[in-house]
Amino acid sequence: MLNFAKFGNELYSGKRSYPFVAKYKLWFIIAGAAVLLSLIIPVVKGGFNLGIDFRGGSEFTVSQTQTTELDLGENAVTSVEPGLDPEVTNIAPNTVRIQTEQLSDDQTLAVRDALVEAYGVNADQVTSTFVGPTWGADVTRQALWGLVVFVALAAVLMAIYFRTWKMSLAALTGMAVVMVVTAGLYSLVDFEVTPSAIIGFLTVLSYSLYDTVVVFDKVRENTEDIGTSTRRTFGEEVNLAVNQTLVRSINTSVVGVLPVASILFIGAMLLGAGTLKDLSLSLFIGIIIGTATTVFIAAPMYARLREKEPALVEQAKKVDVRRRQEAKMRESADEEANA
Amino acid sequence: MARSGRNTAAKRTLIWLGVLIAVLTAALSGGVISNQASWAPKLALDLEGGTQMILAPQVQGGGNEITSEQLDQAVEIIRQRVDGSGVAEAEITTQSGRNVVVSLPGVPDERTRELIQASAAMEFRPVLAGSTGAAVPEENRTPAEELPEPTGEPANASDLNWITPELYREFEAKDCTDPATVAAAAEQPADPAKPMIACEPETGMKYILGPVEVPGTDIDDASFGQVRGTQGQSLNQWAVNIEFNEQGTQTFKAVTERLFGLSGAQNQFAIVLDGTVISAPTTNAVIPDGKPQITGNFTEESARALSEQLKYGALPISFEIQSEMQISATLGDEQLRMGVIAGLIGLVLVAVYSFFQYRMLGLVTIASLVVAGVLTYLAIALLGWTENYRLSLAGVAGLIVAIGQTADSFIVYFERIRDELRDGRGLVSAVDNGWKRAKRTVLASKAVNLLAAVVLYFVAVGNVRGFAFTLGLTAIADLAVVFLFTHPMMQLLARTKFFGEGHRFSGLDPERLGVVPLYRGAGRLRQPGEGKPKPRGKAAGAAAEAQRRQTIAERRAAAEKERAASVSGRSTDKESN
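Chains as they are written, first to last, in full-length UniProt numbering: chain P, 1 to 339; chain D, 1 to 577.
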């Protein structure tokens, strides 16, 4: 078993170090490929599997039924149209509601007959209607507006707090990757996009920025006196900060994922489809990707953005000079020792 | 001194937390005792069920057909109305492309019902004549020969030629003190091109009004606020502000130009909603910019009411409740129970992981999470009472997710303490220094969460809004716990023997953390003040910082180098001897 405290010590002391910044090309290529795939997949697959809340659909109501067993309704619908995934709920005593995607007139009649038979009621006790989306265009528009305003304000907040817009840019790039890849994964595994999934998605974006701010705060601390120090180059300082907060990043994502995983497990295994599963899935994916993008995308990108500043190029030269001198001194000391 | 001083400060903070919890509990108890609140948080539509209303929109003057655009508009307006009355997460949808279905948790009160139904036939008409509301007794009525007789075609909406003898008779007979008359007014929409008689229930006045000059659809927005004097000081008087669109601005300018020159009742214009005058202000100036301000004997309440009526009145659709039924929870107890079980499992997993990672410090995590849980519960129950905040299953999931995010604040803090220990500090100063650094990080990162919550709450609608509320709530509870509980606890614990001496299971064991005692090879411990002469001034700080930042590996390398140098030094000495 890996000794975490020791692992943390080695990361903190710099004895163990992972090249997050140095290998930036590799991470960027991986991320780029993931983003590209995430953009292509929905196009190829023809969009997202939007739930009835977004598209509207057909709704059947069975009233005054003796049994309100949900399986009966589900089987009745699938016996007519095997491809459908109906949502059956017991909305009131002796009343069952069945929602499906929008059906044609013939299908509607067939499903209706099947329901009459399944629940053993009269034909007039089953009504059908077409319902519009509960999550209409206005909700989506407002949610998008909220997102845009949030991103803009967060960028300003970070730029003011860290006193550089480059951190904002790097953090937002990381967030954009999370956004696109999470959406791509949803499309890939064909999970239904429900309002709960969207809510989870928005939480993930906030989480992603949150996580980046925590790591960047350490970066800020480490690079505060970069101008007067010749110990490490800027990129190395950033890399050290990421390594030093790596134990935190791992612990945080584990602690964040554990409750989500338990909701996901219970939601998916014991309850089947529903709010819990939809919400926890997007969170599960998002927390993991969110933590990863901070470490692999946002931090290296920030280092790359700043490294080319004249002052830091100058500083990197000084670091190089000092290292050479030290190497020389060490050599001469060794020679002396050998002599 | 300083030590015990800090100790007292930590204790004082904990006492404040106790007071905070006690106050919240007392407030909630008060609510429960007076039967206004309940101990259990209120549940949302999906968990508790509620009332479903099917509304049939009716377009004024447009026949029975409603276009899909109008239906969308109707959904939007209803959502605004419902969202405006709290964070109850109502569900609004359309049915068969004709009706609007509104589902509300619990049983909606009369106010909500009225708000939803509130019709929107709003119009601005000039006042031609006005009097007190009661019907004029038969014997006092104007004799037939004295009735006003039009002398020609009316030239404009304010022209008294609109008043025919029949109209005047009707006006005299009208009894605005009878509520039935007022209620009946809404049922027969008046012809916008003709004069009408209307009551103003608020003041008990009745009026003869000219034809419609500005329809309610020309209102862009309406708000209310305090009247400001010329110096910007508050005049302690409430006013309602209207903003017209371009069309409305033009017309309203023309109307006020005319009315401003008239006197008596003709100087007034009436805002008519559903055949009833809701306000009949006098014209004190020509309004060229389409932004009139209505002042008068408004209270904050009545100003708000009028501005809302004006705002929502901008849509010419009214709604009729076709059916209303109680619906059971769509998700049911099963889902909620499972959600709570999932939360408990998650909590246990987090606890186990914390013990594994932080040994006894994990206890601090658990205790902090419990305190956060108590604070969040109290806040939810209280907000359920005051703001009609209701917990949906998504909200429950949000709370479970918050376990992880709250625990992160502790992780950030603990890791900083460990970093300080690794730098060779004693626990007490490691806690203080670690806190200084962690505090900044925690505040900055929680600011992002809070920002997301606030923005989504104010911009988004429906489910998203309720969820944003939960998110913000947990972020605040989290901050409160870190500042009021976790940090003071750590300050106190740092002085205990168990943690202070770094017991093997304390999670702060220096040996496990690979602390380099300030050790400099050859069995010598570094003495304070030994080593490089200290630079002065500003450079001193930077150098000290750089020294501190030096990683342990580098420090070891440096120590080794020095040892190598001293060894070689000795050997040269030998040679020279």
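Quick caveat, the hints were computed from the structure, so don't treat them as lab data. Treat the hints with care, as some may be off.
What the hints assert, rightly or not - No farther apart than 25 Å at their CA atoms in a straight line, the calculated lysine-lysine pairs in the DSS-like style are these:
#, chain 1, residue 1, chain 2, residue 2
1, P, 308, P, 6
2, D, 253, D, 291
3, P, 6, D, 497
4, D, 11, D, 497
5, D, 11, D, 436
6, D, 253, P, 166
Just so we're clear, the structure is a prediction, and the values are computed from it rather than from any experiment.
Evaluation of the provided hints:
no.	hint	verdict
1	308/P - 6/P	violated (35 Å)
2	253/D - 291/D	holds (10 Å)
3	6/P - 497/D	holds (23 Å)
4	11/D - 497/D	holds (18 Å)
5	11/D - 436/D	holds (19 Å)
6	253/D - 166/P	violated (51 Å)
Comparing the model with each numbered hint stated earlier shows that hints 1 and 6 do not hold.
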